[in-house]
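Asker: Sequence:
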Amino acid sequence: MNVSSTHSPDVPRQGRRLVLLRHAKAEPARDPLPDADRPLALKGRKQAGRVGMALTAAHLVPDLALVSSSLRTRQTWDLAAAHLAGRDAITVDVRDELYAASIRDVLELVRGAGSDATTVLVVGHEPTMAATAAYLADRDSDDAALAQVRVGVPTATYSVLHAEDLPWSQWGKKSATLLRVGRPS
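In terms of our numbering, the sequence shown opens at residue -9 and continues consecutively.
Simulated from the structure, these hints should not be mistaken for laboratory data. It is possible that part of the hints are untrue.
[To be verified] Below 20 Å or equal to it, Euclidean Cα-Cα: the simulated EDC-like pairs (lysine to aspartate or glutamate) are:
1) 33 <-> 68
2) 164 <-> 154
3) 163 <-> 133
4) 15 <-> 68
5) 163 <-> 95
6) 164 <-> 128
[Stated by the list, open to error] Label pairs and their calculated CB-CB ranges:
7) 22 <-> 165: 41 to 49 Å
8) 31 <-> 159: 35 to 43 Å
9) 31 <-> 128: 30 to 38 Å
Glycine included, every Cβ here is placed at the ideal spot set by N, Cα and C.
Take these sequences, add in the hints, and give me the full structure.
Answerer: In C-alpha cells:
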C-alpha cells in the first residue's frame, strides 16, 4: 500500500483545504445489528485518536467537520476531535446523507461551507471518500496519492486537497490539488 507519512509534504496554509477521512476500523457486521450502528473496534478507537494527533501536527484542524451519521463515523470524529487543537471552535455537522453518499452528495455539502471556513473535514465511508479525492484531483496532484485514491483507502486514512483561490461553491472535477494521503501509524 502506498500511503504517505503524516508530516510531508507541507500543506499550504493559504487557500482552502479539504480533508476526506475514511472512518476508523469498525466491528464486523453482525445480524441483526444494522450496518449504520456498527461501533468502532478497539483498533479503530486507537486509530481515531492518532488521526486527531496527526491532523493537529499537520496544521489541518478543521473549521467545519461534516460527519456521517453512522455510529462508527461519529465515534471516529469524537475520538479524533479529542486530540485536535482548538476543538471547541470547530463547527460540527452530522449528516445522514453522508452515510450512503455519492461524490455529488459530498460536493454539495462541501460547496455549502461558509467562506470563513478554510479547512473542511469530511468523515465518511469508502468508496466515496477516495472517489471524491480522485474526482477533485487536478493535474498537479501528487502521483502516489492519486494512485492510492484511485484504488481506495484503508480505514483511518485521510486525503488532503488544496485550492489556492477557489471558493467552496466552485469546487468540482479536477479543481484542487491532491497533496497527499495520510494514515497515522
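Asker: Given the proposed pairing of residue 163 with residue 133, does the C-alpha separation stay at or below 20 Å?
Answerer: Satisfied, since the Cα-Cα distance of roughly 17 Å is no more than 20 Å.
Asker: A range of 41 to 49 Å was offered for this pair. Does it hold for the Cβ distance of residue 22 and residue 165?
Answerer: holds, 43 Å
Asker: Return holds or violated for the Cβ distance of residue 31 and residue 128 against the range 30 to 38 Å.
Answerer: holds, 36 Å
Asker: Against the range 35 to 43 Å, how does the distance between the Cβ atoms of residue 31 and residue 159 compare: consistent or not?
Answerer: Hint holds: Cβ distance 38 Å, inside 35 to 43 Å.
Asker: Decide if the proposed pair is consistent with the structure: residue 164 and residue 128, CA atoms, cutoff 20 Å inclusive.
Answerer: holds, 4 Å
Asker: Taking 20 Å as the top limit, are the C-alpha atoms of residue 33 and residue 68 close enough?
Answerer: holds, 15 Å
Asker: For residue 163 and residue 95, compute the direct alpha-carbon distance and say whether it is at most 20 Å.
Answerer: holds, 14 Å
Asker: Assess, step by step, whether the Cα of residue 164 is no farther than 20 Å from the Cα of residue 154, and give holds or violated.
Answerer: holds, 13 Å
Asker: Would the pair residue 15 and residue 68 pass a check requiring their Cα atoms to be no farther apart than 20 Å?
Answerer: Given pair residue 15, residue 68 holds - Cα atoms ~14 Å apart, limit 20 Å.
No hint from the list above goes unmet by this structure.
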